[in-house]
Amino acid sequence: MITIKNIKKSYKKGNHRVEVLDNVTYSFKSNSLYCIIGKSGAGKSTLIEILGLLIKEECGSINIKGREINSLNEFEKAKVRNKEIGFIFQDFYLNPLMKAYENVMLPMYLDKNITNKKRKEKAYELLKLVGLVDRETHFPKELSGGEQQRVAIARSLANNPNIILADEPTGSLDSESTVAVLNILKCLSKENKCVIIVSHDDRVQKYADVVLKLEDKKLKEKDK
Amino acid sequence: MINYLKLTFFQLRKKSNIINAILVSLAILVVIGSNYYKKFYNNFKLNDSKNYLATYMLQVDKREDLTNEENYNTLKNIENVTNISYMYEFSDVIHSDLFKTDKFSGDIQIYNSSNESLPEIVKGTNFPDNDGYYMVCPINFYPESLNNIKYYSKKDNFNLDSYLGKEIVFDYNGYMFSRNLDDKYKFEIPIKLVGLYKNANNYYDESECYVNKKTIHDITKNEYTDLEEDYVYQINHPVYALNVSSYEEVEKVEMSLEKSGYNYNRMFYFDENETQQINNTADLVYNIAIVIIFIFIFLVFQKDYYEDKEYYRQLNVLGFNLKEIKIIYFISLLIKVFVYFLFVLVITIISMLVIKILTINYPFILSKLRVLYSFDGIASVILIFIFNVLLSFMIHRHIGKLNV
Ligand SMILES: Nc1ncnc2c1ncn2[C@@H]1O[C@H](COP(=O)(O)OP(=O)(O)O)[C@@H](O)[C@H]1O
Ligand SMILES: [Mg+2]
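As you go down the protein sequences, you meet chains L and C in turn. Once you know that position 223 of the first sequence is 608 in the working numbering, the rest is easy, because the numbers rise by one and skip nothing. Once you know that position 241 of the second sequence is 282 in the working numbering, the rest is easy, because the numbers rise by one and skip nothing.
These are calculated hints, taken from the structure and not from any lab test. Hints are supplied without guarantee of correctness; some may be wrong.
[Claimed, not checked] Result set (DSS-like, lysine-lysine): computed pairs, CA atoms no more than 30 Å apart in a straight line:
#1 L/K393 with L/K603
#2 L/K497 with C/K239
#3 C/K47 with L/K502
#4 L/K464 with C/K364
[Claimed, not checked] Far from chain C, by Cβ distances over 10 Å, these chain L residues were calculated:
#5 K390
#6 N416
#7 E459
#8 K507
#9 S560
#10 T563
#11 D587
#12 V595
#13 K598
[To be verified] Now the stretches of chain C that chain L is said to cover, found in silico as 3 or more residues with beta-carbon under 8 Å:
#14 42-51
#15 358-369
Every residue, glycine too, gets a C-beta built ideally from N, C-alpha and C.
Input sequences plus hints: build the corresponding full structure.
So this is what it looks like as structure tokens:
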């Protein structure tokens, strides 16, 4: 589904560079839920942003569903993000000025071939899928953290992507909401999707098919 | 095509948009207002002013040691003096419903005069004596000051033929000094229209009613008791009005007058430097206003951008490309500018209505406001917007771009 090879990434800090990822190589498969753990500052977010084409790696290659990403320009990358990847963030990253269903609709606007009515129907469907009924027209600030994260999940599914990337999705949630969110993500991973969760939460590891540890700039599988 | 409008409108729900719209529209009003201020002063053109009759007329007091004839001849022989006439200081306002129409209030201004200084009478006579109340008026009479005159046409003139030789009863309300005059100063006075002089049937020709000295004295005496002597003297003794051949010669005539021992005043005095200064100041105020307002609107645009920045980034994360995001930003700028204009329009219409209600009796104030929306005022506002939109667009050309 998504394969990375020899990924390197460093950041400038003051007048020297700090290497965060060094020769990271891995192949993520569909129908699986991955959990990436690692200490704070280990480079987990960096890795997931590279996987999501939000930042650019220094060396190495990324291959999504057989397509070499390195050869794509910004426009094509944006399109891949829209079609193939769904994002979930720790702090939800919803638009406060949009109602729940409008947030979910947002990625669908790039598909010019469906009507607004269809978009809305689909958004309602997805909100139902994540267990949010009668909350469709609420603004984010009118929803609890768990509800907001479920809106974000619904949005990540808007264009039915094969890859879901979640950076600490339960980091801001209470335990009840955490379980609900993880159950949804687990279900999704069984529908021919590749779900990659970054977390240092032990509960997440229990849900994962594969646990990966990011340590010393490398990514290694960890025995369960 | 992507529904760009819809994607723009989400972000217009932001509450600060209303505050921005109010701030920006007030700023636009400042530009338009200072443009009006500039226009108002620049209209006062130096060269036009020099051709204005009163700028080359001098008002000269009579020398008491000379007879009327001697005075007249001395003044007449001064070089560059083209004409001499008499002028009296006093004038006042009286009222008759006879002259009241939807255009006119019924108030008319009367001027002190004497037979020597009356215009040529074409019907009737001049003042027969100084024992009764008499007046001489123009054939085509329009009883208001020049300010309002644009609003009426020839057909609004009164033809006074039919009143010739008749007495008209006027009310006196102490208008010249206070509209809230004590009732004891109010009275009625019958004045006989004895003569008509010819004026052209257009508003810029003379249209004034003259009364004899007894009339002006009896109308105004209640208000002048303290200065009785001086007052009676002024009513009975005119000053001379000298026409000088041109504005440039005025100073020469003044020197001659000084030599001959006359007191004089310019009828209308202006200082060229001061006039230029006022014009320059008005230009400067306008230019400074433009710069300040430009910066102000620029800052509002930037604040607005930083509030929306997260949205544009979000769009990029969700798969919108930079070109699409730029279009959304551009449309949002255009919509906002459009809304700001609407705000200005609404504020203006409301303020015009308020002014109209307040000044229903003073239509000329409205006539001045009409020029408030002058072309170059609007043009500078449009330019400020165009440059601000382009500038913001340039500065934020990487809009929505993620950290790479
Ligand atoms: N944009 C950036 N500029 C500079 N340094 C960064 C940036 N993003 C992350 N870093 C640094 O890279 C390292 C890894 O960060 P991150 O990927 O966020 O770690 P994690 O998500 O595992 O906590 C940290 O030392 C962090 O300070
Ligand atoms: Mg992180």
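Each hint, compared with the structure:
1. Restraint check: the Cα-Cα separation between L/K393 and L/K603 comes to about 10 Å, which is no more than 30 Å; the hinted pair holds.
2. Distance restraint check for L/K497 and C/K239: the Cα-Cα separation of roughly 81 Å exceeds the 30 Å cut-off, and the hinted pair is therefore not satisfied.
3. With a C-alpha separation of about 13 Å, the suggested pairing of C/K47 with L/K502 holds against the 30 Å cut-off.
4. Annotation: proposed proximity of L/K464 to C/K364 holds, straight-line Cα distance about 12 Å (limit 30 Å).
5. Every Cβ of chain C is farther than 10 Å from the Cβ of L/K390; the closest lies at roughly 20 Å, confirming the non-interface assignment.
6. Against the 10 Å criterion, L/N416 stays outside the reach of chain C, whose nearest CB is about 24 Å from its own CB.
7. Not every C-beta of chain C lies more than 10 Å from that of L/E459, the closest at about 6 Å, which undercuts listing it as non-interface.
8. Listed as a non-interface residue, L/K507 keeps its Cβ farther than 10 Å from every Cβ of chain C; the least gap is roughly 15 Å.
9. For L/S560, the requirement that its beta carbon stay farther than 10 Å from each beta carbon of chain C is met, with the minimum near 28 Å.
10. The claim that L/T563 lies off the interface holds: its Cβ sits roughly 23 Å from the closest Cβ of chain C, which is beyond the 10 Å cut-off.
11. Every C-beta of chain C lies more than 10 Å from that of L/D587, the closest at about 29 Å, which supports listing it as non-interface.
12. Every C-beta of chain C lies more than 10 Å from that of L/V595, the closest at about 26 Å, which supports listing it as non-interface.
13. With 10 Å as the threshold on Cβ separation, the claim that L/K598 sits away from chain C holds: the shortest Cβ distance comes to roughly 26 Å.
14. Counting residues of the segment 42-51 of chain C whose beta carbon lies closer than 8 Å to any beta carbon of chain L gives 6, which meets the minimum of three for the stated coverage.
15. Under the rule that three or more residues need a Cβ within less than 8 Å of chain L, the assignment of the segment 358-369 of chain C holds, with 8 such residues.
Checked against the numbered hints above, the structure violates hints 2 and 7; every other hint is satisfied.
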